[in-house]
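S.K.: Grab the two chains, each in its own frame, and use the hints to assemble them into the complex.
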Amino acid sequence: QKEVEQNSGPLSVPEGAIASLNCTYSDRGSQSFFWYRQYSGKSPELIMSIYSNGDKEDGRFTAQLNKASQYVSLLIRDSQPSDSATYLCAVYLSGGYNKLIFGAGTRLAVHP
Amino acid sequence: GAVVSQHPSWVICKSGTSVKIECRSLDFQATTMFWYRQFPKQSLMLMATSNEGSKATYEQGVEKDKFLINHASLTLSTLTVTSAHPEDSSFYICSARESQGRSEQYFGPGTRLTVT
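If you read the protein sequences in the order shown, they are chains A and B. At position 108 of the first sequence (counting the first as 1) the number is 488 in this note's numbering, and the numbers step up by one without a gap. At position 109 of the second sequence (counting the first as 1) the number is 415 in this note's numbering, and the numbers step up by one without a gap.
Just chain B, with the same shape it has in the complex (with noise of 0.2 Å):
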């Protein structure tokens, strides 16, 4: 149980174009799911809480223009990068959570952005 799913796992974009990830819980609901960012070596970053059928909660210094965060249903959110630049060349994780009484997070796979 607890699966996450993110697609896709690993995407080359040009400079300049936009860029959208999913994160689907598989097997649950999940109220809230989490988007993270880690370059190599340093540590997970998250970027912004999304609560499904609400805006996303951005962390200080996240661009919400930038990163546009979707929670449109209890078991989809994606995020879209846009007008990617290479310093958005990063790890992408999200993360869910069941429902508010829970405190468990389970990751999806991850998505790796390289923008050229």
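Chain A on its own, in the form it takes in the complex (with noise of 0.2 Å):
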């Protein structure tokens, strides 16, 4: 069973301060990882891929990913009242599924 595991929070921030979600995956043979970003009744939006060991950063947006440690995070800088959303982790899986697998999604409050 390939998993994806993620905090369901809610993770409740203050307005400014950096809000750091984390997921874990178990295909140790995956090499593709996204996080969606999902308001209260619309669809999921992508906002990070991240396919190598390390950082990428976009804008307030970093994604760090450690393969050896199957640990996927992202960090928003910065945080806003508008990024209060449900943050998904995505993790492609190859060898004959080709598809992606989706934790259940950390809520993030943002609050004044």
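What the hints contain is simulated information worked out from the structure, not anything from laboratory work. For clarity, every value in this text was computed on a predicted model and none was experimentally measured. One should not assume that every hint holds.
[Claimed, not checked] Beta-carbon label-pair distances, calculated as ranges:
1) B:Lys-326 with A:Lys-436: 38 to 44 Å
2) A:Ser-462 with B:Thr-388: 37 to 43 Å
3) A:Tyr-451 with B:Pro-314: 38 to 44 Å
4) A:Arg-440 with B:Ser-315: 26 to 32 Å
5) A:Asn-402 with B:Ser-315: 30 to 36 Å
6) A:Asn-433 with B:Glu-369: 40 to 46 Å
7) A:Glu-395 with B:Leu-374: 43 to 49 Å
8) B:Ser-405 with A:Ser-462: 31 to 37 Å
9) A:Ile-398 with B:Glu-369: 18 to 24 Å
Ideal Cβ positions, reconstructed from N, Cα and C, are used throughout, including at glycine.
M.R.: Structural data, given as structure tokens:
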């Protein structure tokens, strides 16, 4: 069973703080990892992709990948109330599966 | 780029009728499209994967005769919910992948189905 685990939250952070979202996955062969943001009542939106160990930065978002530990994280700097959403971690399963496996999501609440 | 549309955005139908939902990739060719269902406050559930010109692959527990999927072209996939019942009321979301060599998926805005 290929799994992606996330803490469901809610993760509550004050405006301006750094939000840290974590994800672990079970398939050692996975090579592609994604973070999606989903606002309540809306569909998921791709915000970050990462394929190599280390950090990848895009604006206020930084994705971190550690394949040895099977761990992916997303940091959101200078959090804003508009960042309040559910963040879904997704792992691409190759080897015949050819599909994304999603975690259940972490709900982030940024309070003023 | 990478825009996916869905139509309709919401639909109400009577129990026993069928509903068709369209999913289109607007600015790229989608070799593979995916259909998900999401109940309130629950996670995404993959229903089926469709490749252009071939039969869809359904996830375990999803009735292929009830949820008919057609991926007739590289930009269009349709999901038909046949003989809908109130328990089929849900948020249906499609996503598309550009080519076999890519792994990113882009989601449509979703269709909210209510069966009365």
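S.K.: Look at each hint and say if it fits the structure.
M.R.: Do the hints match the structure? See the list:
Taken as a hint, the range 38 to 44 Å holds for the pair Lys-326 (chain B) and Lys-436 (chain A), whose Cβ atoms sit roughly 39 Å apart. Between Ser-462 (chain A) and Thr-388 (chain B) the beta carbons are some 40 Å apart, a value that agrees with the proposed interval 37 to 43 Å. Remark: the range hint 38 to 44 Å for Tyr-451 (chain A) to Pro-314 (chain B) is upheld by a beta-carbon distance near 40 Å. As the Cβ distance of Arg-440 (chain A) to Ser-315 (chain B) is approximately 30 Å, the hint placing it in 26 to 32 Å holds.
Between Asn-402 (chain A) and Ser-315 (chain B) the Cβ separation comes to about 33 Å, which falls inside the hinted range of 30 to 36 Å. About 42 Å separates the C-beta atoms of Asn-433 (chain A) and Glu-369 (chain B), a value consistent with the hinted range of 40 to 46 Å. For Glu-395 (chain A) paired with Leu-374 (chain B), a C-beta distance near 47 Å keeps the hint of 43 to 49 Å intact. Checked against the hint of 31 to 37 Å, the pair Ser-405 (chain B) and Ser-462 (chain A) passes, with Cβ atoms roughly 33 Å apart.
In this structure the supplied range 18 to 24 Å is violated for Ile-398 (chain A) paired with Glu-369 (chain B), their Cβ-Cβ distance being about 45 Å.
When each numbered hint is compared with the structure, a violation occurs for hint 9 only.
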